[in-house]
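Each chain, letter by letter, is given below.
Protein chains: 2
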Amino acid sequence: MGIIVVGTVALDDVKTPFGEARDALGGSATYFSLAASFFTDVAIVAVVGQDFPPGHLKYLEERGIDTSAVSILDGETFRWSGEYGYDLNERETLETRLNVLEKFDPKIPERLSNTELVFLANIDPMLQLSVLDQVENPRLTACDTMNFWIEGKRVELLEMMSRVDIMVLNDSECRELAGEPNLIKAARKIREMGGPDSIIVKKGEHGALLFTGAKVFSAPAYPLESVFDPTGAGDSFAGGFMGYLAKSGETGESAVRQAVMYGTVMASYCVEQFSVERMSSLTWDEIKKRYEELKELTRF
Amino acid sequence: MGIIVVGTVALDDVKTPFGEARDALGGSATYFSLAASFFTDVAIVAVVGQDFPPGHLKYLEERGIDTSAVSILDGETFRWSGEYGYDLNERETLETRLNVLEKFDPKIPERLSNTELVFLANIDPMLQLSVLDQVENPRLTACDTMNFWIEGKRVELLEMMSRVDIMVLNDSECRELAGEPNLIKAARKIREMGGPDSIIVKKGEHGALLFTGAKVFSAPAYPLESVFDPTGAGDSFAGGFMGYLAKSGETGESAVRQAVMYGTVMASYCVEQFSVERMSSLTWDEIKKRYEELKELTRF
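Residue numbers (our numbering), protein chains in the order written: chain A, 11 to 310; chain B, 11 to 310.
To be clear, the hints were calculated from the coordinates, so they are not data collected in a lab. Be a bit skeptical, because a hint or two may be false.
Any copy will do: because identical chains look the same in the list, a pair fits if it lies in one copy or spans two.
Stated by the list, open to error - As a list, the in silico DSS-like pairs of lysine-lysine whose alpha-carbon atoms are at most 30 Å apart: (1) 298 / 68; (2) 117 / 163; (3) 25 / 195; (4) 305 / 225.
Modelling step: build the complete structure from the supplied sequences, incorporating the hints.
Spelled out as structure tokens, the structure:
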């Protein structure tokens, strides 16, 4: 069992109406692995620069995350800075400095190449394809992407999509990729374009939709009164989702629905504090409690 | 048992990307009563002009709706014309001609004054208050409103809200009324302002939230591939909601949740064709089928 995640480990500057954080630990692989670590073994394949605080790597290791495939290269760590207004669904990217990410050439170590679950977080689809080439018959693969690749690397993205089992993307990405405003039609079009049978569309405060074959599952969001920092919500969702599938050992419709709800739980906790702070104090009992609350929230 | 609804009966001109309808039967009381008529007896209190086609009233009567309290006044019927773009969540009102609605002074006939359920559709809160004064201890009252009254008749609206059991409004109205972007906080604020304990916030394609006491129920929308004309969706929701409560004879948490889902079913059918067309062909078996599909849609 276990998961490898390929993505970014970053230093983030984040500003929200409630405060700001500088040089905070961030990145898709970071949030994903922290969320997944509550459920299963997880290894990160990523790159950081010489400036990356060793304490951050130590922190991830203390959470039981395998960081041995995180390369430390000459240069600076990938940096993202962004700002959220009062509508926390919308964010403005102030700056993206790729730094060492430009030199990223993911190598899956031999001992991780037969890991059962593989998550390709949001990076260049060329790199996502390279990872798929290096893993040996994984039981389940899933990917994320973003508008930048939909617009700039469409051919590579379509090839990558055709080789994964599950695609996780947000509503605007889904609409843009399919060129179709209606999400139900858009999901069908993505399949017709060669995408996977299972597609998860994240809708922020409106929950998520899971499309599997002809079936649709509508997942509520957890009703939060205070969102402090939405950064990492999508990656925490993916981490909870894949983590639960790894833990359960199942990949049927029923397990996938439950996994979506565990993803929802992890995303809801992630946004309660800045950066990875809430993940650091989170307990398994809290995860179970919120999962049960989500059951009650939708019961009729 | 049974319901009286006070609201508008209108002639609508509607344009959507898929076609247009002129002089179509519309209005909040029309959509509400058609939806509710599948569940219970319903009587409309409204006003139309001399130009109102008698065939429209006959049509409502054939659906079993009591139109005896619809006054026919000198002048023209209330007219609304609007246009929807490809994002069917947003509509532009092209013209509103109040016509006879300006002279509307709702009178509840003696024999209807002890009807058990009362729905105050979106009209001037002064008129909604007048109706509340004329009914004798109804078992359940609910209201709708809109931005026009939130901005223009706030004092009267607040008084009316304090006298009903359930408030049904859409997400932007909820935010505006409370002056709070977060819907969970906004619902609490509306209560603190004297509003009812039960508040339903409709979110269009994202479903609805029901707040009752400290509890929240998250209702999914029915996933529709084609929406032809969203006009009347909110009133059809309210009609299905109140209709089910009348039919079940219950008003507890469990019945109210089920009622929200029947409201969702009625709204989802309403938007499939122009004006009231889909309501005309709808069957009880179709209603039950979609209700069961919504159960399956949220099961995990």
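Right, here's what the structure says about each hint:
1. 298 / 68: within (27 Å within a copy, 56 Å between copies)
2. 117 / 163: Within one copy, since 21 Å is at most 30 Å while 66 Å is not.
3. 25 / 195: The answer is between: 22 Å across copies meets 30 Å, while 36 Å in one copy does not.
4. 305 / 225: both (19 Å within a copy, 13 Å between copies)
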